[in-house]
Amino acid sequence: MTFTCGPTHRRVTAPARAAALAGLAMLACAGAATAEGVVLAPHRAVYDISLARASGGAGVVEASGRMVYELTGSACEGYTQNMRFVTRMTNSEGSSQLNDLRSSSFEDNTGKLFRFNSNSYKDEQLGDTTQGDASRAPGGVKVELTRPKKKSVTLSNSIYFPVQHSVALLEAARSGKSLFVGDLYDGSEKGEKIYSTTSAIGRRAAPGSLKIPASVKNGDVLDKLPSWPIAISYFEPNSDKKDAVPSYELSFRYFENGVSTKLMIDYGEFAIKGELKEITFLDAPKCDGKSGTAGATGVPGKR
352 MTFTCGPTHR RVTAPARAAA LAGLAMLACA GAATAEGVVL APHRAVYDIS LARASGGAGV
412 VEASGRMVYE LTGSACEGYT QNMRFVTRMT NSEGSSQLND LRSSSFEDNT GKLFRFNSNS
472 YKDEQLGDTT QGDASRAPGG VKVELTRPKK KSVTLSNSIY FPVQHSVALL EAARSGKSLF
532 VGDLYDGSEK GEKIYSTTSA IGRRAAPGSL KIPASVKNGD VLDKLPSWPI AISYFEPNSD
592 KKDAVPSYEL SFRYFENGVS TKLMIDYGEF AIKGELKEIT FLDAPKCDGK SGTAGATGVP
652 GKR
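Here the sequence shown stands for residues 352 to 654, where the numbers follow the numbering used here.
Derived by calculation from the structure, the hints in this document are not laboratory data. From the three backbone atoms N, C-alpha and C, an ideal C-beta is built for every residue, glycine too. A couple of the hints might just be wrong.
Estimated spans, in silico, between C-beta atoms of each pair [stated by the list, open to error]:
| no. | residue 1 | residue 2 | range |
| --- | --- | --- | --- |
| 1 | 571 | 427 | 26 to 36 angstroms |
| 2 | 554 | 431 | 31 to 41 angstroms |
| 3 | 403 | 448 | 14 to 24 angstroms |
| 4 | 407 | 637 | 49 to 59 angstroms |
| 5 | 443 | 549 | 42 to 52 angstroms |
| 6 | 488 | 408 | 43 to 53 angstroms |
Below, simulated DMTMM-like cross-link-like pairs (lysine to aspartate or glutamate); rule was C-alpha separation at most 25 angstroms, straight line [as the list claims (entries may be wrong)]:
| no. | residue 1 | residue 2 |
| --- | --- | --- |
| 7 | 500 | 522 |
| 8 | 501 | 413 |
| 9 | 544 | 495 |
| 10 | 562 | 421 |
| 11 | 575 | 451 |
| 12 | 613 | 574 |
| 13 | 624 | 413 |
| 14 | 544 | 451 |
| 15 | 562 | 629 |
| 16 | 613 | 451 |
| 17 | 502 | 534 |
| 18 | 613 | 399 |
| 19 | 637 | 421 |
| 20 | 493 | 428 |
| 21 | 628 | 428 |
| 22 | 473 | 543 |
| 23 | 613 | 571 |
| 24 | 528 | 587 |
| 25 | 562 | 626 |
| 26 | 628 | 413 |
| 27 | 575 | 522 |
| 28 | 502 | 540 |
| 29 | 541 | 421 |
| 30 | 613 | 626 |
| 31 | 528 | 574 |
| 32 | 463 | 421 |
| 33 | 541 | 587 |
Please work from the sequences and hints to get the whole structure.
Written as structure tokens, this is what we have:
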């Protein structure tokens, strides 16, 4: 999964995304929604959120919450991502704020259409809301926003949509690459935001070499798959990445079927982490009777 998320005291939106956190989730350009050999497993993952660290001036002393990420669909019909990300942040004066992000998106299997909708609540009061459609055409990606206000935007055709980004990232990892760079558009920041991303890909872990804790429901499925440690830096567009400080960094362990574990979002002054608590693998529609889909087993090629 690929997901993007700004600081939790302002706005958090998802992949990836991601997933992202799930991945916590989590990728090519202007291509199809999947790359050859990469199969994303439809699944629902639950992560417990907590504060990993905070500096003295961060203004955050405690954070807790939960994220639920769901991916449905297939490479032949497209993918739908749904996420709810709820956190309670407490400052040094003891005041807390409840943040609740609810997002949904759909990408077709050709990489030409992306629909998105997100609502952000603070202390149960609706704050930001974003809704729109993005379509890829020869002249660029045309974005038609309906919320927060009607507006048309044209973006470069070189951008990735969230599932595209996830698939291209997995393809890079499987090919043995250590770096993946791409501009990501996921409809965040009122539907007009593009992030320049740089992904560092670590050494491949062979199936069975890293055991998922027994406490994770259905986590044993992941023991059968290879995985990679991934760290994605999100930069403002057109920034000089040699000198620029990323807006935030997302790191996680990415499994071959698109499931993420060990999530970490680093905002500089503080960081939050997400621990996988349970995962449910969902049935995937068959693609013209062909094998290779990741069904309820979560393992590519098996059902």
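Each hint tested on the structure:
1. 571 x 427: 26 to 36 angstroms: Given a distance of about 28 angstroms, which is inside 26 to 36 angstroms, the answer is holds.
2. 554 x 431: 31 to 41 angstroms: About 32 angstroms separates the Cβ atoms of residue 554 and residue 431, which means 31 to 41 angstroms holds.
3. 403 x 448: 14 to 24 angstroms: With a Cβ separation near 19 angstroms, residue 403 and residue 448 satisfy 14 to 24 angstroms, so the hint holds.
4. 407 x 637: 49 to 59 angstroms: 55 angstroms, holds
5. 443 x 549: 42 to 52 angstroms: 33 angstroms, violated
6. 488 x 408: 43 to 53 angstroms: 46 angstroms, holds
7. 500 x 522: Between residue 500 and residue 522 the Cα gap is close to 37 angstroms, so the pair fails against 25 angstroms, i.e. violated.
8. 501 x 413: Violated, at roughly 38 angstroms.
9. 544 x 495: This hinted pair holds, its Cα atoms lying about 14 angstroms apart.
10. 562 x 421: Between residue 562 and residue 421 the Cα gap is close to 23 angstroms, so the pair holds against 25 angstroms.
11. 575 x 451: Violated: residue 575 and residue 451 sit about 34 angstroms apart, past 25 angstroms.
12. 613 x 574: 14 angstroms, holds
13. 624 x 413: 12 angstroms, holds
14. 544 x 451: 20 angstroms, holds
15. 562 x 629: Between residue 562 and residue 629 the Cα gap is close to 14 angstroms, so the pair holds against 25 angstroms.
16. 613 x 451: OK: residue 613 and residue 451 at ~21 angstroms, within 25 angstroms.
17. 502 x 534: 21 angstroms, holds
18. 613 x 399: 10 angstroms, holds
19. 637 x 421: Distance ~19 angstroms between residue 637 and residue 421 Cα, so the pair holds.
20. 493 x 428: 21 angstroms, holds
21. 628 x 428: 29 angstroms, violated
22. 473 x 543: 22 angstroms, holds
23. 613 x 571: 15 angstroms, holds
24. 528 x 587: Holds. Residue 528 to residue 587 sits at ~24 angstroms (cutoff 25 angstroms).
25. 562 x 626: 14 angstroms, holds
26. 628 x 413: 20 angstroms, holds
27. 575 x 522: 18 angstroms, holds
28. 502 x 540: This hinted pair holds, its Cα atoms lying about 14 angstroms apart.
29. 541 x 421: 22 angstroms, holds
30. 613 x 626: 6 angstroms, holds
31. 528 x 574: The given pair, whose Cα atoms are some 22 angstroms apart, holds under the 25 angstroms limit.
32. 463 x 421: Holds. Residue 463 to residue 421 sits at ~22 angstroms (cutoff 25 angstroms).
33. 541 x 587: 15 angstroms, holds
Violated hints for the displayed structure, listed by number in ascending order: 5, 7, 8, 11 and 21.
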